[in-house]
Amino acid sequence: MKISKDHFLQEDVVSLAKSLIGCTMHSFIDGMYCCGIIVETEAYAGITDRASHAYGDRKTARTEVMYRSGGIAYVYFSYGMHHLFNVVTAAAGIPHAVLIRGLFPLVGEDFMKQRRGGKVAVADLANGPAKLTKSMGITLKNNCLSLDGDVIWFENEAPNLINKLVSGPRIGIDYAGEDALLPYRFVGILNKS
DNA sequence: TACACGATTTACT
DNA sequence: GTAAATCGTGTAT
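Start counting the first sequence at 142; every next residue gets the next number (the working numbering).
No wet-lab data here; the hints were simulated from the structure.
Please note that a few of the clues may not be correct.
[As the list claims (entries may be wrong)] Dumping the calculated EDC-like pairs for lysine to aspartate or glutamate here, alpha-carbon to alpha-carbon at most 20 Å:
| no. | residue 1 | residue 2 |
| --- | --- | --- |
| 1 | 143 | 265 |
| 2 | 159 | 320 |
| 3 | 254 | 265 |
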């Protein structure tokens with residue numbers, strides 16, 4: 142079952158980030174279909190979260206997407222070479238988002254390997270936010286993309302591979318002060334690896 | 001119009 | 001363990 146847009150409209154972005162662990166993410170880009178089980182996410186809680194791009198109600202050309210109604214993609218370009226993929230959540234006007242940090246490939250490993258360029262272990266194909274976008278073929282072109290279409294989408298009838306779910310502080314946001322300590326990061330431990 | 005920097009990864013030392 | 005790669009965006013001229 143494809144996850145509908147309604148699911149992304151809830152305001153509790155933290156529990157939403159948690160609920161995505163164990164779901165599957167799918168992409169059909171450039172004729173290549175790939176799919177993997179989501180094992181790592183982070184919540185970004187809008188204008189009150191110093192780690193969020195929308196902190197302090199900073200509405201700019203880039204963050205405008207985050208203010209839209211949930212269920213669309215927010216793709217962000219960072220470090221001059223990486224793309225990061227987020228799901229915009231909550232109702233219009235509330236700039237919450239969930240960063241998809243990692244997934245375990247289930248279908249299309251060969252395509253993903255091809256995009257990553259050469260010899261990469263399956264488990265390492267998408268175990269990081271920038272690796273994920275690269276292996277799935279996601280770029281800035283997919284910014285604002287609706288996630289209930291046939292390019293990028295999520296499903297909740299995923300194989301039951303998650304053994305354990307743990308939470309902790311987010312990664313790479315030391316500049317966020319106190320907010321850097323919030324347990325907004327969720328990691329699913331796979332049964333087998 | 002300039003300039004500094006980042007939700008990171010990879011390749012070296 | 002440390003550093004280089006590399007450019008769109010935000011904030012300051």
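Going through the hints against the structure:
1. 143 - 265: violated (26 Å)
2. 159 - 320: Roughly 18 Å between the alpha carbons, so the hint for residue 159 and residue 320 holds.
3. 254 - 265: At roughly 10 Å apart (the allowed maximum being 20 Å), residue 265 and residue 254 satisfy the hint.
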